[in-house]
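Put together the whole structure using the sequences plus the hints.
Number of protein chains: 4
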Amino acid sequence: MPAPGAPLELREFERPRLEPGAILLQTLASEVCGTDAHLWNGQLAGVPYPIIPGHVSVGRIAEASQAEDVDGRPLRPGQIVTFLDVYGTCGRCWYCTVAHATTRCPERRVYGVTLSSDDGLLGGWSEYIHLKPGVHVIPLPEALDWRAFMAGGCGMPTALHAVTLAGIAFGDTVVVQGAGPVGLCAAALAQLRGAGAVIVIGGPALRLQAAARLGADATIDIADTTPDERLARIRDLTHGRGADVTIEATGVPEAVPEGMRLTRDAGRYVVVGQYTDVGSATFNPHLDLNQKHLDVRGCWGSDVGHLYRAVRVMARHRFGWTDLITREYPLEDAQQALEDVAAQTVVKALIVP
Amino acid sequence: MPAPGAPLELREFERPRLEPGAILLQTLASEVCGTDAHLWNGQLAGVPYPIIPGHVSVGRIAEASQAEDVDGRPLRPGQIVTFLDVYGTCGRCWYCTVAHATTRCPERRVYGVTLSSDDGLLGGWSEYIHLKPGVHVIPLPEALDWRAFMAGGCGMPTALHAVTLAGIAFGDTVVVQGAGPVGLCAAALAQLRGAGAVIVIGGPALRLQAAARLGADATIDIADTTPDERLARIRDLTHGRGADVTIEATGVPEAVPEGMRLTRDAGRYVVVGQYTDVGSATFNPHLDLNQKHLDVRGCWGSDVGHLYRAVRVMARHRFGWTDLITREYPLEDAQQALEDVAAQTVVKALIVP
Amino acid sequence: MPAPGAPLELREFERPRLEPGAILLQTLASEVCGTDAHLWNGQLAGVPYPIIPGHVSVGRIAEASQAEDVDGRPLRPGQIVTFLDVYGTCGRCWYCTVAHATTRCPERRVYGVTLSSDDGLLGGWSEYIHLKPGVHVIPLPEALDWRAFMAGGCGMPTALHAVTLAGIAFGDTVVVQGAGPVGLCAAALAQLRGAGAVIVIGGPALRLQAAARLGADATIDIADTTPDERLARIRDLTHGRGADVTIEATGVPEAVPEGMRLTRDAGRYVVVGQYTDVGSATFNPHLDLNQKHLDVRGCWGSDVGHLYRAVRVMARHRFGWTDLITREYPLEDAQQALEDVAAQTVVKALIVP
Amino acid sequence: MPAPGAPLELREFERPRLEPGAILLQTLASEVCGTDAHLWNGQLAGVPYPIIPGHVSVGRIAEASQAEDVDGRPLRPGQIVTFLDVYGTCGRCWYCTVAHATTRCPERRVYGVTLSSDDGLLGGWSEYIHLKPGVHVIPLPEALDWRAFMAGGCGMPTALHAVTLAGIAFGDTVVVQGAGPVGLCAAALAQLRGAGAVIVIGGPALRLQAAARLGADATIDIADTTPDERLARIRDLTHGRGADVTIEATGVPEAVPEGMRLTRDAGRYVVVGQYTDVGSATFNPHLDLNQKHLDVRGCWGSDVGHLYRAVRVMARHRFGWTDLITREYPLEDAQQALEDVAAQTVVKALIVP
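Residue numbers (this note's numbering), protein chains in the order written: chain X, 1 to 353; chain V, 1 to 353; chain G, 1 to 353; chain Z, 1 to 353.
Hints are supplied without guarantee of correctness; some may be wrong.
Stated by the list, open to error - Only part of the chain X face toward chain G is listed, based on derived beta-carbon distances under 7 Å: (1) V256; (2) D265; (3) V271; (4) D277; (5) N284; (6) P285; (7) K292; (8) H293; (9) T322; (10) I325.
Said to hold, decoys possible - Listing some non-contacts, in silico: residues in chain V with all C-beta distances to chain G over 12 Å: (11) P7; (12) E19; (13) G21; (14) L24; (15) L44; (16) D69; (17) L84; (18) R92; (19) S116; (20) G120; (21) G134; (22) Q291; (23) R312; (24) D323; (25) T326.
Unchecked claim - The following label-pair restraints were derived from C-beta to C-beta distances: (26) X:R73 / Z:G279: 33 to 39 Å; (27) X:E68 / Z:A143: 31 to 37 Å; (28) X:Q43 / Z:E107: 37 to 43 Å; (29) X:E142 / V:P7: 54 to 60 Å; (30) X:P77 / Z:D118: 37 to 43 Å; (31) X:G46 / G:D221: 32 to 38 Å; (32) Z:H100 / V:A232: 24 to 30 Å; (33) G:G279 / V:E142: 41 to 47 Å; (34) X:P106 / Z:P133: 44 to 50 Å; (35) G:G279 / X:R73: 57 to 63 Å; (36) V:A205 / Z:G167: 41 to 47 Å; (37) X:P106 / V:Q209: 52 to 58 Å.
Worth flagging that the hints you see were computed from the coordinates, not collected in a lab. Note that the structure is predicted; figures quoted are calculated from it, not measured. Just so it is clear, CB atoms sit at the ideal spot from N, CA and C, and this is done for glycine as well.
What follows is the structure, given as structure tokens:
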């Protein structure tokens, strides 16, 4: 991706020489996610174009130089692994050490997003990926097929972070706003916190069907309903109280005040879908926040722990993850993949070099 | 149960006259649990014999006098309901209002345990149960067969409390010590918190088989293993670290220091099985607690919220709950039921009048 | 207070006959708070006028009928006590028992606010107050003068609830928006959580001086500054990061998005000042919430625990609480007191019958 | 310290050449703490003798090579700073990234404890200290005299960690077992969490007097009392309930079951004093843990955040910290200092080169 809006190009790179602790990964698949569409639209600040997109990827180790996985075991050629796209979290700054908010570390760089292709094979839409020393590598367990893992993609650790923050109690009614990859993963994970009911609000029909297949107890199509109708529907399902927990995964500013209203008094609301700045929203601090005794949590990024736990959960708990993949594209069709994702005609698209 | 050790007797009672807010319940089933064996052995203090045992029960409403369920809906004859055995939590004392530790309220009385049969039909091993005004009543949803609910019995809200305290994170390895009703329910519920692996340590084989059917990833029989072997086995399964979370449900004092050792550094240990005083245990505060940075939580009793949530979870998440019931006994065989439970020849026994 | 906007009237009542558990209190003082101004302006819904205003009060027990304090000790004539204005929290509904959100119990009634004077002496601006059975009574310890306690007034348990929710860590920089009674109490209590710095933003000068006397490390007058200047000032004081914790106590909707911006990434924001509906506010969900990884908590009401703890804290930790009282008014000047509070010409006003 | 039990020796070292990010510190003072006595007695495993003892120190920067403080500001010669003795926490292993338990990172090395003097000036009892790149450096603010800071010493971040874990609520009664440096710091810090009363159990009289000067509401001398008398005393002070929170800082195994009993039902108990293995203790899991619904937390080590916060708290909240220093010793009297600390004839001893 040479620049925002410019057509994608295929380029050849030299095979990198590995530093101690580095790995060369032969790419099996890399995700095409909404962030890639944002990158192509130039909606993210601070991106060092040209870049190789692709932040969540799976590959087979081609070469490893004294590298270890997160559990401290040596890594060997032939293993199928994934890695945390976030690279370079310093572990030394104030955010890392005092605030314990590692997703706010200023040293973070992201494979496929904030690392330039001028510096090498630092993105997943490519035949090989160069994992620098210090990249966190996690082997996929045998019970977890790489396609199943990629079906979750970056939506899965993001959703796992959000669902963790959501503090779901056994039996809670959970509403998920948004039926994209993050919303669908959140709907599945909420069931794995013992939710009593999971309701997905979103669209289009293709995605709501995927939500139902993943176990959602009810779905509400935003194309057919007004906000008031949605509120009435949720109240009907909750003895008039509203959702115990709501998770926003839409990217639409107006969804945020709506989500506050869908949540019961003294409930919890996690906002994880507002990854780009597309404007403001209006709310009533008395009715929507203070009198409601509402707990609202913004959720940004994810770290090693979220990815590590996502791998464990997906290996153990079988949902029909793989069904989420609508289509696989060879490298030459990356441009088409990008456009299909932007148009929401696919649930999950993969680049398979 | 006229007195500790004395044979059970069948007695006739007058049909009670209902106060406003009270209910007469026609018993469908009542549990025979380990506590009932303790009652018969006289191991609990402050029990006002004679009593009608049976604290967790299900019945059909025969008569209701302006009573409401926990959600605030009016209750009607014909509904199948359960109720919280704990009655009379005051909501006014220091423990209820300042400490928010309702299970420590000194006003609590327990159907089938601390309410005398001299005061009426206040236990479940009986054709009818008199629910006093203020007893918390929860209808069983259609999706939850009463046999499935009773298969959980009082172990389910107890385990739900313990698993909630356990603070399981996605992907955690959870060890459950004990394969009785509480341990089995905990093993099932841990999966509903997204555990990465659940390992049950206990016996006899009948119960470990039940654990495996409920989804335990591994079981360890205490009859075949020494504590050191069990520790080695758990370390093998956890990259040498120990369990992220351990839940004790055994009733054996020595299990507690063992459980501390089975848990990894900075892990969490919930002790829920020590319901009677059968002696002391020895541990090393430096190695087992301080240096381990271990978090240990005693878990006593359960309240309305735990039972309400247990009903919601059992209705939504289908495990083979009903399989846990080994045998149903008519009222006249209550003595036999008690002896079978004491001998651990059954997993779960019900009185079905 | 016969009706919104109507002049206050002095009325005579019969001495009430006490039910078992009830108390007759001879009023020493009752607070005039912002809520009383709202009541007079008719800004609260569901108020059963005529009412006797005055929700936080101190009195000497004139007569007690088998009543106990929160610690379970018998209450005796002559004792100086306060009581929780909130009366009737049921301890049985879904909010009380499942959600553990007692401030959302629908059975709550509030002395001086939602109890009508047609039903008796159920407010503090009166020579005697009738404490019904079940009202939570707390004796003032000897170390706590009743004037010092009343200087905190209802702002103190409200602020204690907010500061508890704020989860202040040792050394945190805490910004308090608002210098009224709640804000001033929050500024004092934040120091008692080990804050590293407490900064109060508000006005007028009289109140900011009180904040400084209570130990605020810095004050910022809203009359002299723009929101951008205030943000710059807070960033200067926090290595460019923003406040670790911000507490809103203003009642002004626009203060809420400003407070989000004053708080650092991954910080915490408690909104406690929006007690009436005076309109909406606009914020940017991406910048102000999601990307910031911000934790926002609405805080409504307070319960017995907050008042009990407020009494303990005020008795133990000597700030110049009493200085907060600007003026005491006899009953016949209640109208004047109301107008002075509405005009913010006093920090704290008391009715002293 | 050439070896356990061997007399201390004074040795000369070459002035180290600084790597980028390193600092040479001219020592102002270094602490003599109980751990140093344990080191000399050979009670700690894995110590690479010979070592330069002294893990908490203050110095003036003599030379700095592109080093930054925790807030990201460049460090300059002349600044008075302290540093975290723990060096090398990797930020990459499973404990650092998944468990977020940095004090359990296997890469940690500790200045003055687990770093050998064969590798340089890596301990505080020395004229200069070589701070390797990556050591966390914190300047002392002007408001915090270095003697006041050293009076807290390593007890302060340790106690801050423990008091944070203790989760003290406003108005809680806090019992501290032990009146050594950690216990005294905990007694002070508990007041800064808004405790309603702080009671110190320990000895000898010299230390209990220090506790009283630091604000303890009551002290109990272990030399004069039996465990039963202490329990009776604490119950007397707490309406018969026991302490809301107890913090153990004694090093004596038997203190741990005693502390469980001193704590109320559903209270919290933090064990921070068991830093060496001096044997086992016996407790009753039913009475002391399960039925009590007790929350017990082992607390090991401290990290950058604790030290950073300790500096902020000590600069802001003036207790008579400096009074804790009983005596300062020149380098040549280090042996004497060690013996005085071991004999508990001093509260706090410093090496002042």
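Evaluated hints:
1. V256: Status holds, d = 4 Å.
2. D265: 5 Å, holds
3. V271: 5 Å, holds
4. D277: 4 Å, holds
5. N284: Interface hint status for X:N284: holds (5 Å vs cutoff 7 Å).
6. P285: 4 Å, holds
7. K292: Because about 6 Å separates X:K292 from the closest Cβ in chain G, which is inside the 7 Å limit, the hint holds.
8. H293: Status holds, d = 4 Å.
9. T322: 29 Å, violated
10. I325: The hint is violated - X:I325 has no Cβ within 7 Å of chain G, the shortest such distance being about 27 Å.
11. P7: 38 Å, holds
12. E19: With a cut-off of 12 Å, V:E19 remains clear of chain G, as the shortest Cβ separation is near 15 Å.
13. G21: 10 Å, violated
14. L24: Non-interface label stands for V:L24: nearest chain G Cβ at 20 Å, farther than 12 Å.
15. L44: 24 Å, holds
16. D69: 9 Å, violated
17. L84: 9 Å, violated
18. R92: At roughly 7 Å from the nearest Cβ of chain G, V:R92 sits no farther out than 12 Å, so the non-interface label is violated.
19. S116: Non-interface label on V:S116 holds, nearest chain G Cβ at 24 Å vs cutoff 12 Å.
20. G120: Non-interface label stands for V:G120: nearest chain G Cβ at 21 Å, farther than 12 Å.
21. G134: 7 Å, violated
22. Q291: Non-interface label stands for V:Q291: nearest chain G Cβ at 24 Å, farther than 12 Å.
23. R312: 10 Å, violated
24. D323: 29 Å, holds
25. T326: At about 32 Å from chain G, V:T326 clears the 12 Å cut-off, so the statement holds.
26. X:R73 / Z:G279: 33 to 39 Å: 36 Å, holds
27. X:E68 / Z:A143: 31 to 37 Å: At 45 Å between Cβs, range violated.
28. X:Q43 / Z:E107: 37 to 43 Å: For Z:E107 against X:Q43, whose Cβ atoms are near 40 Å apart, the range 37 to 43 Å holds.
29. X:E142 / V:P7: 54 to 60 Å: Once the Cβ atoms are compared, 57 Å apart, the range 54 to 60 Å for V:P7 and X:E142 holds.
30. X:P77 / Z:D118: 37 to 43 Å: Cβ of X:P77 to Cβ of Z:D118: about 38 Å, so the range 37 to 43 Å holds.
31. X:G46 / G:D221: 32 to 38 Å: The hinted range 32 to 38 Å holds for X:G46 and G:D221, with Cβ atoms some 37 Å apart.
32. Z:H100 / V:A232: 24 to 30 Å: 27 Å, holds
33. G:G279 / V:E142: 41 to 47 Å: 45 Å, holds
34. X:P106 / Z:P133: 44 to 50 Å: Taking Cβ atoms as reference, X:P106 and Z:P133 lie about 19 Å apart, which means the hint is violated.
35. G:G279 / X:R73: 57 to 63 Å: 59 Å, holds
36. V:A205 / Z:G167: 41 to 47 Å: 42 Å, holds
37. X:P106 / V:Q209: 52 to 58 Å: 54 Å, holds
Figure legend: structure checked against the earlier numbered hints; hints not met, in rising order: 9, 10, 13, 16, 17, 18, 21, 23, 27 and 34.
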